[in-house]
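Peer 1: Take the two lone chains and join them into the complex the hints point to.
So the protein sequences, as listed, match chains U and W.
Be aware that the first sequence starts at 0, since it is given in numbering that gives the first Met the number 0, and climbs by one per residue.
Be aware that the second sequence starts at 0, since it is given in numbering that gives the first Met the number 0, and climbs by one per residue.
Keep in mind the hints are simulated off the structure, nothing from the lab.
Keep in mind that the hints are not guaranteed to be accurate.
Unchecked claim - Only part of the chain W face toward chain U is listed, based on derived beta-carbon distances under 7 Å:
| no. | residue |
| --- | --- |
| 1 | 110 |
| 2 | 117 |
| 3 | 121 |
| 4 | 134 |
| 5 | 138 |
| 6 | 153 |
Note that the Cβ used here is the ideal one computed from N, Cα and C, for glycine as well.
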Amino acid sequence: MFASEVLVAQNIGFAILATIMVIGALRVVTTSNVVHAALWLVVVLAGAAAQYILLAAEFVAITQVLVYIGAVMVLFLFGTMLTRARIGAESDLNNKNWFFGIPVALALFVAMAIALDSGFGSQKMPADAAVATTQEISDQIFGPYLLPFWALSFVLLAAVVGAIVLARRD
Amino acid sequence: MNLAALLSADLPYWVQSLLRVVGGLVAVLLPAGTIVYLFLFKMMSFMQSRLGPMEAGPQGSMQLFAEVGKWLQKEDIYPARADKFIFKLAPLIVLASTFLLVVVVPFGPDALFTDFETGVFYALAVSSVSVLGILIAGWSSANKYSLLGGLRAAGQLIAYELPMVLAVVGVVIQAGTMNLQQIVVAQNGGSMFGFSSLGNPYVITQFVGFIVFMIAVQAELTQTPFDMPIAESELVSGYMTEYSGFRFLIFFIGEFATAGVFSMIASILFLGGWAVPFSWFGWTTIDSIDNWMNIVGPLILFTKMIVIVFFIMWIRFSYPRFREDQLQKFAWKVLIPVSLANIMVTAILKVAF
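Looking at chain W on its own, in the form it has when it is part of the complex (with noise of 0.2 Å):
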């Protein structure tokens, strides 16, 4: 039996959940130990002038599994006057955040978890919830830095969610739809001025709205230069500075598998998402898509995926970090007016044509 018809017979109602639960874990795995490896400890060390690991497999390649095996051993230590139940909670919430976030993302035409009516929104609701993993988590340590870096962490996560959200209206404006798969195939199906042959990416039309929206996803990672939570000269490790061991390497894998999701939607919302252009294959509609790009279709979404966070990462390797202050001023008084600004001209693009 070959795969297509693997993939439109009727399976049982287990077989299918079974399959959803091993896809969800493989996409929001895969893209996390790729990104930790390739960037996080290769790409560094390449800019630092270093080599990285080496040791544990051709070229270190089996350097995480070291890791998880390290993190996975360690005791399980909490602080004497921690509030142990919510302390061990955190580290979830912001995991199944993450787990929450990746079950609206399409990877081709039939291969997704749910075909969401209003995914966008979805997606940035859900991402939400992990500000309260990262609070309790920064409470709950008994410790004064530990609490300090959760304040700081929802501050900055609040004030960037809103330029954030007003980004993607500017999408969902010209595509007409929150669906993350209709605006996958408006970008595909499109044509700019009668030229179809690149389809109509976003990034070309919204591009404030996708420097808008990659600052924010920037911020809302905690990645460097918004990295005021976590950070090492002023608040030892923020909200992480007590956790150790398999609660670190959740919150670890939380950090870097957030940073593969956001960067699918990033691709899907700008970029095209899975899908080339439906020109180049005689292709119309979402049904008249060959079904070969169910596998074509995930590799494509992960290569751009790849390279939105290699400028995710290039940034974080590259500049110091904010002030508070200017952090708070760069968000409220630059980042919404611009996007706002955004929203207002391609609505009035919009009816104008």
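Chain U extracted, bound-state conformation (with noise of 0.2 Å):
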């Protein structure tokens, strides 16, 4: 009867993901090579897009994957490789005020923390929860969020006139 409510696989699975994605993280921060750094950085980003599966949410999972490791990623890697990416360790990648990063990652943990926690508390996810279609959400973003999808389509529009405007020497 205990064991029913539990989904062990699940829990099993969001362990190993976890522990990869949290020493992908650490690395990315302490690794001594920029290129290192932004691999590392996709190994947590992968990890994100299988919790996501775990969640039984595939659309979401396969944008992750298209987005930031197809195109967000490649255009990282493409930006340091072209300035500055040296093969071996580097000594100036760390700044002296680097401690202060510590605080602001503490802070967004306890945020993001207290706004889980007030916005499930102890609500549980129905271990046979039906999936979320791929046409459901195009439903609901079509639908009673078209206007923050409006407002989000012009705010990138605005971006790459931006970066256009920047970019042009003329």
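Peer 2: Below you can see the structure in the form of structure tokens.
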């Protein structure tokens, strides 16, 4: 009766993925090479995609892979390789104010933990929850959430135009 | 026990997993070997008025095994200043993306690895992972030519991924689903103006999308005229310069296996995939399809794949390569506007009819 309420396989899967993600995240900030840091970030983002799969949110997971691994990280690497990406350890990656990052990270963690706790409390996801289909997601985006979607589109458009204005030299 | 009973029998989990692994290996390696022998060895030789490999086996048909044996025997060399771990990792990422890609390809009514609801989207997402492998292959080689090749490859693959995604959107709008199996059913169960003996292959209604998709595939596979990343007259061999032995073999297999898988996806999206028009045998839905299609279906898909790869290779052997700026202009100023117009027209017609 107890075992039927606990999703054993999912919890083990979550633990493995979470461990990989935490190790990856720590290596992002401790490794001494920019490209290695970017590749550890890929590990973290892929772990997040795997967590979405575990939550039966396949559309979000695939979007994560397409956008973050396929585009954002490639552009990251592209940028660093064009400008400064030596092979081997670099000594000047950390500046002397690096420890200010720790309280910021902790504050962010606490804020998100409080938000999640007050939002869901002890509510549990039902074990046989229906998988949200892509169709339902698109019905939501183009129905009740149409206005925020448009607003986001305009923000992105403005960003694109701004990037072109900054990059043009005439 | 006949095959139909075998397919419908409840197999233990480990047998299913073993069958899936073997099936995946066959689905990746068989097209790659066929493409290399048939097109790279024989068709290219024929077009250049020479015989190609003739010694190993009849008509040189065992040449592939000789080549693989040669590559496997070679010494494992890497540059002294290379980033060794990443240097070794890079070809595996490229090959892994090919194996991930084949997972969603349906080969028959029941002959599939997984019936993924968002199959097309998944295929486009995992195919973009190979860029990462190519980029770090170029960087970790500690070679200026390799780095330039990797950067060119990344710029090219990102630029041509957009028209590819946008070309597929037309098909998705018309079929009303992103599931590759459902797209096959929608084409072969459909009809054109009440005339159903050909089904409704989207190559007719989505002809613009098909052309854009095939150009983008040519560029994604870095086949000539889009082979600036490995342009031998400028960059030695691009990101592959420092690779030899079995690591080069992995890149090589990855390149042609991806050509095969992309051609399978193209034939599923635009040519009706594994199926024949359902009206030929009086089928109506996917459940009413006879079991023998699980054997014939993969052969049909394989034939369509060979036809598409023939065109890819024909163009590869016929044209000189673009210049880097022409390549980028072509993607951003021609292909993307054309595919956006295609999406708009498709959406308007979908609503109108």
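Peer 1: Against the structure shown, which of the earlier numbered hints fail to hold, in ascending order?
Peer 2: 1
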